[in-house]
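Go ahead and model the full structure; you've got the sequences and the hints to work with.
Protein chains: 2
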Amino acid sequence: MDEQRIRCSDLRARVLSADEAQAYIRDGMTVAVSGFTKSGDAKAVLQALAARVQRTGDPLKINLLSGASLGETDAIAAKAGIIRSRAPYQSEPVLRNSINRGEVKYTDQHLSHTAEYVRSGCLGEIDLAIIEATAITETGGIVPTTSVGNSPIFVERAKQVIVEINVNTPAEYEGLHDIYLPAGRPNRAPIPITRPADRIGTPYIPCDPAKIIGVVFSTLADTPSSIVPADHDTQRMAEYILEFFDHEVRHGRLPNHLAPLQSGVGSVSNAVLSGLAASRFENLEIYTEVMQDAVFELFGAEKIAFASASSFTLSQRMARHVNDNLARYRDKLVLRPQEISNHPEVVRRLGVIAMNTALEVDIYGNVNSTHVNGTHMMNGIGGSGDFARNAGLTIFVTKSIAKGGRISSVVPFVPHVDHTEHDVDVLVTEQGIADVRGLAPRDRALTIIQNLAHPDYKEALLEYFKRASQHGGHTPHLLTEALRWHQRYVETGDMRVRQLAKVTG
Amino acid sequence: MDEQRIRCSDLRARVLSADEAQAYIRDGMTVAVSGFTKSGDAKAVLQALAARVQRTGDPLKINLLSGASLGETDAIAAKAGIIRSRAPYQSEPVLRNSINRGEVKYTDQHLSHTAEYVRSGCLGEIDLAIIEATAITETGGIVPTTSVGNSPIFVERAKQVIVEINVNTPAEYEGLHDIYLPAGRPNRAPIPITRPADRIGTPYIPCDPAKIIGVVFSTLADTPSSIVPADHDTQRMAEYILEFFDHEVRHGRLPNHLAPLQSGVGSVSNAVLSGLAASRFENLEIYTEVMQDAVFELFGAEKIAFASASSFTLSQRMARHVNDNLARYRDKLVLRPQEISNHPEVVRRLGVIAMNTALEVDIYGNVNSTHVNGTHMMNGIGGSGDFARNAGLTIFVTKSIAKGGRISSVVPFVPHVDHTEHDVDVLVTEQGIADVRGLAPRDRALTIIQNLAHPDYKEALLEYFKRASQHGGHTPHLLTEALRWHQRYVETGDMRVRQLAKVTG
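Residue numbers (our numbering), protein chains in the order written: chain A, 17 to 521; chain B, 17 to 521.
Note that these hints are calculated values from the structure, not bench results. All figures in this text were calculated on a predicted structure; none of them were measured in a lab. One thing to keep in mind: the hints can contain errors.
Copies of the same chain are indistinguishable here, so a pair counts whether it falls within one copy or spans any two.
Derived DSSO-like pairs (lysine-lysine); straight-line CA-CA distance at most 30 angstroms [unchecked claim]: (1) Lys95 x Lys482; (2) Lys474 x Lys415; (3) Lys348 x Lys419; (4) Lys482 x Lys77; (5) Lys474 x Lys175.
In structure tokens form, the structure reads like this:
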């Protein structure tokens, strides 16, 4: 097996156990690992490091960079207390709690930006890259597994590299990836992608074998995605979006096969994308960062011509299906570095239709994607900004209420802004759809409140907006009340006024 | 004169007076005009329209699109009440007041986005484009004057075109412009600019002569820019930035000639750019949206190799100098469509250093560029988002206080977000410079408060942050106090607590 998995013969002598490999990691190091939304993440060495620290009590903290979220390794590392700082994304409850307690310094980044920061040197040197792989080629090239993420730039910039060969990944993964890194400036050329299917690089991450200090064999599986099936609300949201697409096609603003689709991570986005399976649309293309189950359902329904992403993030059942049917998908898929899957240049050129999930939106269309009550990190911003800012059509989806109605997802004022109203074209809840393109803020407010708010909150929103408007302004607000709904939720567990009355009256 | 200015002989019969031309404009029309930051704007026909409406009392309102701000025409049109809606930018006090009273529906857009919205059709049809020109070529091509802005897409999409030939513009303007429009999707190619000096298009705006329904001769000058000279504070800010550039060069993160520079409109940005004249840096390149006086001062100091923008916005003195010395600048300048000068693809490829002005910043680095107290529009967001999001290095500058100290420009929480902390690398006030690249929010807050805040406000900011941190979170805040500084200013005219004490105690 070693010979097929390690085709560069020099490297066969560098096979280590995970425990031997973790000994290379010392306190204060910057360690950069493969992994994007729980897929293709380097697992064995970090888990062995966490075990060592828990066993010995050695004080050790690293700066941990990745593509996006790791699977359970983020939790294991956070529990062991070995993360000093973390970037550019996370979505793991244990780690999140450490971040919100101020124990882990987390820097939330646009996912297309991290490679540029690494390249510029302003995040400091990368001491060690740990990359999960299917195989190593004759020249030391690293063939990734279920994600590419930031691995190419990490390998290029790291002083040393450890490769984790996951022997449970099919050898047929080789050929799925397309590795291309923009050159350093000022000699950078245009990225020559004009269609999602364009291949512009190599099927492996180039790596000088001399940099590879160890090869570890691993059998640890990706943490499966836990997609919640579509419910009544998400189905309605999908229906609104399909009707809207139909409307745009009829008005000549979208072609019959739409435009390349991007869909954010999560159950709502997945359900919306699934909705296309029963639609009239065909020959669709995907240009996204993550392929969730829905992408393969659409392949099953023969709706998709091609899909490009930076990772698979699949349920256990769908991961098995994909692994068993790789031959079928081989010419229809590509996995790219996240710098390319999310690159403003390509997203803008292709005119991607971007569909992402909001935590909440305000009456003018500003979106909070990340911070509960404006303070507590939920999931990072991820690629939503890369897509929302540059897409041909930018859609945000959210259910109109949460926590059984105690939270309205349409609020007077979002207490944290990830996407400004400039970057939001269309908003969707199970109540309806609001096309706010070209609308001035006061018109936008009325459209958003009327079309998107839950009936329990609509009147209060209208009343806020009307009173605010009496004071004038381009985006009228009442500064003393703008954040009161969130404050009320913090104090009483309910945004609604009558709850406040019960508590205070 | 007609023959040189109108080289397409068919069009010589279509010369109209401004008053004849304005009669083509009817109530409810969408009119799209040339003009970018008070330069190269179509003046004669709109002013004649305003005069007619004021004379006759005819009810008439148009939807007015432009490149960016018009000169005094924005004020004249607003006073006459002929603007129903306005996009994508404004910075004119009379118009601004109409917007804040809710009389004009203003849609604030990223300046690179407007052309895409027009192309997609979602802003509706353009009934008439009015374009200021130096000349019309043999084939009907329109040679712009001091700006390009959105004129190429307006001419391409408008049903009819009126050309205002400004006979006071030197014929030598011809050849300064480089007109290139990205193709419609899905057949769009990469934009082939890899250096600021690259010319990729035609020196005129292609136009079918049959679309040109009138040619008006005009002598109206651009409204001159009113740049305030550098003062002690702006000089210090320039010094901090120059020291920072030095530091980056020493650490190998910038080359000796830096990277192409973008500088926002306004006195502070102009002063910062002027500061480079006395620096050791040479062979600089400019890739920006507006060339202000400082760019020509840098040419005078032989600091600049090439400058690319979408417009000149100059003082009267500097405009005269440029017009008198066009031969000298001919090979060193280009004016492009704003879609190209501000395009994410090019800005990111070149790794532009973006320097823009903030109204205020919060402790985590979010920037408000547009809305006073979160409600009242000052100037639009302009191109700051195009550059800030995609630049290689993003700097925002602001004086630490305003209104004689009654306003702190460093606040707990900005009441309007134009640029999220993800898009902000470095912040500068006259107090100091904060390099927040790679910092987690709590570290960012301490750096921002310590380095940037005015002494009168530093303690209060630290105290807010410390109390907020006791409640945990990734970006700690106190929801009941986050907007209190702004509220206090609205109520008392001073953000400082002791003023409040006087009023309430």
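Status of each hint after checking the structure:
For the identical chains of this complex, Lys95 and Lys482 are inter-copy neighbours only, at 26 angstroms across copies versus 49 angstroms inside a copy, given an alpha-carbon limit of 30 angstroms. In the homo-oligomer, the alpha carbons of Lys474 and Lys415 lie at most 30 angstroms apart inside one protomer (14 angstroms), although the nearest pairing across protomers, at 41 angstroms, exceeds that limit. For the identical chains of this complex, Lys348 and Lys419 are neighbours neither inside a copy (40 angstroms) nor across copies (61 angstroms), given an alpha-carbon limit of 30 angstroms. In the homo-oligomer, the alpha carbons of Lys482 and Lys77 lie at most 30 angstroms apart only across protomers (25 angstroms), although the nearest pairing inside one protomer, at 52 angstroms, exceeds that limit.
Neither within a single protomer nor between protomers do Lys474 and Lys175 lie at most 30 angstroms apart by alpha-carbon distance, with minima of 57 angstroms and 41 angstroms respectively.
When each numbered hint is compared with the structure, violations occur for hints 3 and 5.
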